[in-house]
Structures are given as C-alpha cells and as structure tokens.
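Counting from 2, one number per residue, gives the positions in the sequence shown under the numbering used here.
Among the clues, some could well be false.
Between beta-carbon pairs, the in silico distance windows are [unchecked claim]:
(1) Asp109 with Ile61: 17 to 27 angstroms
(2) Pro64 with Gly270: 43 to 53 angstroms
(3) Lys267 with Asn242: 20 to 30 angstroms
(4) Gly140 with Ile57: 31 to 41 angstroms
(5) Asp294 with Pro273: 25 to 35 angstroms
(6) Ile311 with Tyr76: 38 to 48 angstroms
(7) Ile61 with Lys253: 22 to 32 angstroms
(8) Asp232 with Lys306: 39 to 49 angstroms
(9) Asp109 with Pro64: 21 to 31 angstroms
(10) Lys306 with Ala138: 32 to 42 angstroms
(11) Lys267 with Pro64: 35 to 45 angstroms
(12) Leu14 with Asp260: 53 to 63 angstroms
Keep in mind the hints are simulated off the structure, nothing from the lab.
Quantities reported herein were computed from a predicted structural model and do not represent experimental measurements.
The beta-carbon is built from N, C-alpha and C at its ideal position, and this holds for glycine as well.
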Amino acid sequence: MNHIKILGETMTLTEARRVQAHILGNGHADFLLKHPIKKLLQKKLTEHFELQPLKILERIEDPTDKSVRYLFESYDQTLIEAVRIPLNKPGCFTICLSSQAGCAMACDFCATGRLGFKRNLEPWEIVAQFWQIRAEALGRVTGAVFMGQGEPFHNYENVIHAARILSSPSGCCVDAKKITISTVGLVPFIRRYTEENHPYRLIVSLTSAIPEKRAKLLPIASRWSLEELADAMKAYVAKGNDLITLAWVLIKGMNTDMDEVLALKKLMGDTPFKLNLIDVNDARADGFQRADDVERNNFFHMLQKLNVPIVRRYSVGNSRHSACGMLSGKRLKELHVIENSKMSS
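Construct all of the structure, not just a fragment, from the sequences and the given hints.
This is the structure we're talking about:
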C-alpha cells in the first residue's frame with residue numbers, strides 16, 4: 002500500500018513521512034509553511050490538525066551537574082517527569098524519558114515506586130517529552146534513555162512504538178544504538194525483546210545478585226528467580242548482542258561487599274556483561290544512604306580484581322534531591338493540601 006487517505010485527500014507514504022518529520026522536527030503543525038505536499042492537503046491539515054503538546058509545569062536546573070528536570074502535565078492532568086542530561090562531550094545531551102505515570106514495581110529505593118501506578122503513557126506522550134525538551138536544548142540531543150518514571154517493559158508496545166519514532170529518519174532521527182531501554186527484569190518481555198531483535202540497547206536493573214536481598218529491594222524479583230532472569234539475559238547475548246548491561250544502585254551497607262561480587266560472577270558465568278554503577282538517590286530522612294568514598298572504592302576494587310567491567314554513572318539532580326518521582330510527589334502533595342483546604346473552608 003503506497004497511499005493513505007486523510008481528510009478525504011490521498012497522500013503518498015512519502016508525503017506522510019514528510020508530514021511526520023515536519024511535526025517532530027519543528028514542533029508545530031503549521032503546514033502552510035514551505036512544505037512539499039499538496040496545497041489543498043496543506044490547508045486541510047492546518048485547519049483540522051491540532052498539535053497538543055505537554056504543558057511544562059516546572060523546569061529545575063541542577064547548579065552542579067547542569068541537568069534540567071522537567072515536570073509536564075498531560076491532557077488529563079497526569080504528571081510526567083523527564084530530564085535533560087549533559088554528556089561529557091560539550092554541547093551534547095541525552096534525554097531521560099518516562100514510560101509511565103507512577104510505577105507498579107514498588108522498588109524500595111525508588112521515589113516513583115512509592116507513588117504507585119497511575120497509567121501507561123501513550124507513544125505520543127513519550128515522544129513529546131523528547132521533542133519539547135530538545136527544542137529548548139542549547140546544543141545537540143544525541144540520545145534517549147527509558148530510565149525515568151515507570152517500568153518500560155510494563156508498557157512494552159507503547160515504548161517500542163515510541164522508540165521507533167525516535168529513531169526513524171522521518172521521526173526524531175536518533176541513532177537506534179543511542180536509545181537505551183531499561184527493565185527491572187520482566188523475564189517474558191526480555192525474551193520477547195530478544196526474539197523481536199530490536200536495535201536499541203537493553204539494560205537490566207539488577208542491584209543485587211543475592212536472591213533474598215534483591216527480593217527485598219525489588220519486589221518483582223519474587224516473580225522470577227535470578228536463574229530465570231540470568232537465562233533470559235544469556236539468551237539475549239546469544240542472539241548476537243555483544244554483551245548485556247546491568248544497572249547496580251549502590252546502597253550503603255547493603256550491596257557493596259565481596260559476597261555480592263562472588264554471587265554476580267557465579268550468576269553470569271561466562272556471559273559477557275558490563276556493570277553500570279550509580280549512587281542511590283533517596284531524599285527521605287530514614288531512607289537508603291549512599292555508600293561513602295571508602296565503601297564505594299573498595300567495591301570497585303573487588304569488582305576489578307575479578308575482571309568485572311564497570312562504568313560509573315552519576316545520579317543527576319543530586320543537589321536538588323531530584324530523583325525520578327520527587328517532583329510528581331511534591332506536586333501531588335500540594336494538590337492534596339489545596340483540596341483539603343477547600344473542603345474545610
């Protein structure tokens with residue numbers, strides 16, 4: 002099929018791709034600008050097509066790392082968070098995207114998990130986060146990571162749809178290899194993702210290789226055993242991927258000892274993997290604490306002695322305590338206070 006019907010007019014697929022590229026590239030739907038589609042169709046699209054962006058409620062820049070956290074509101078007052086993250090290369094950024102409002106995974110160290118699950122985001126809401134933030138970036142946005150609010154594989158179809166738009170030449174033109182999709186370990190969807198052979202990077206949040214500890218930190222771990230998760234990750238590598246990337250949230254006194262290192266090596270065996278280490282970002286007074294420099298460096302050295310490849314990732318927004326979910330939680334509390342005051346007056 003080389004043609005589609007829209008507003009009673011015939012449009013070629015090439016024209017449809019141009020329209021999509023125009024919207025996503027320019028962030029508006031004024032089709033009367035110089036554009037290579039039929040004049041009548043230009044007029045009809047401009048009259049009938051309304052681009053509904055997300056409403057930006059807050060922008061908070063961290064003075065230390067220069068990341069910018071956005072709080073958006075969608076058409077139904079759903080709150081969505083995303084972050085523009087500066088890369089090591091000057092003038093280049095990546096964008097951390099949310100896939101859900103809230104999250105059902107209830108990870109103990111995660112602010113979003115404490116909000117509970119609200120709803121899945123639609124593909125357009127995910128893509129809108131990207132192009133609205135990109136429009137404000139003073140530089141090049143070269144990548145996207147699905148590591149914001151929500152569990153991406155709990156909204157699998159919409160996330161894959163959004164990733165395709167982000168990486169499409171008629172979409173946002175992001176290199177597919179610079180799009181990363183994370184999961185806390187939904188084994189059936191890791192297997193599905195592997196079978197479908199998607200080009201995007203995959204990262205699995207492990208955080209502990211000891212079953213009892215992992216189940217305490219990530220309740221979803223009680224659903225599938227570590228052995229089942231490891232089998233799914235090994236199948237992913239066997240499919241032709243170079244390695245599997247594991248995310249490890251460093252927590253003081255919890256997951257930074259030799260027992261964890263040995264358990265990790267035993268779990269992964271000969272399967273090539275890389276470990277992304279990131280400090281916990283928990284603003285609660287009685288919450289999880291960050292490992293200090295001595296504890297962190299000791300863990301690094303133990304990993305290196307056993308030839309575990311590691312990458313140190315820095316948690317952005319630390320000086321403002323801006324972990325994912327905190328802005329939404331703050332806004333929801335404010336609305337709750339307002340509603341209560343209205344009821345009591």
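Results for each hint:
1. The beta-carbon spacing between aspartate 109 and isoleucine 61, approximately 25 angstroms, falls within the hinted interval of 17 to 27 angstroms.
2. The given range of 43 to 53 angstroms is respected by proline 64 and glycine 270, whose C-beta atoms sit roughly 44 angstroms from each other.
3. Range check, lysine 267 to asparagine 242: about 22 angstroms between beta-carbon atoms, so the 20 to 30 angstroms window is met.
4. In this structure, glycine 140 and isoleucine 57 break the distance hint of 31 to 41 angstroms, their C-beta atoms being roughly 19 angstroms apart.
5. In this structure the hint that aspartate 294 and proline 273 lie 25 to 35 angstroms apart at CB holds, the actual value being about 29 angstroms.
6. For the hinted restraint 38 to 48 angstroms between isoleucine 311 and tyrosine 76, the CB-CB distance of approximately 42 angstroms keeps it satisfied.
7. For isoleucine 61 paired with lysine 253, a C-beta distance near 26 angstroms keeps the hint of 22 to 32 angstroms intact.
8. A hinted range of 39 to 49 angstroms for the beta carbons of aspartate 232 and lysine 306 is inconsistent with their spacing of about 27 angstroms.
9. For the pair aspartate 109 and proline 64, the beta carbons lie near 29 angstroms from each other, so the given range of 21 to 31 angstroms is met.
10. Between lysine 306 and alanine 138 the beta carbon distance is about 41 angstroms. The supplied range of 32 to 42 angstroms therefore holds.
11. As the Cβ distance of lysine 267 to proline 64 is approximately 43 angstroms, the hint placing it in 35 to 45 angstroms holds.
12. For the pair leucine 14 and aspartate 260, the supplied restraint of 53 to 63 angstroms holds, since their beta-carbon distance comes to about 57 angstroms.
Hints 4 and 8 from the earlier list are contradicted by this structure; the remaining hints agree with it.
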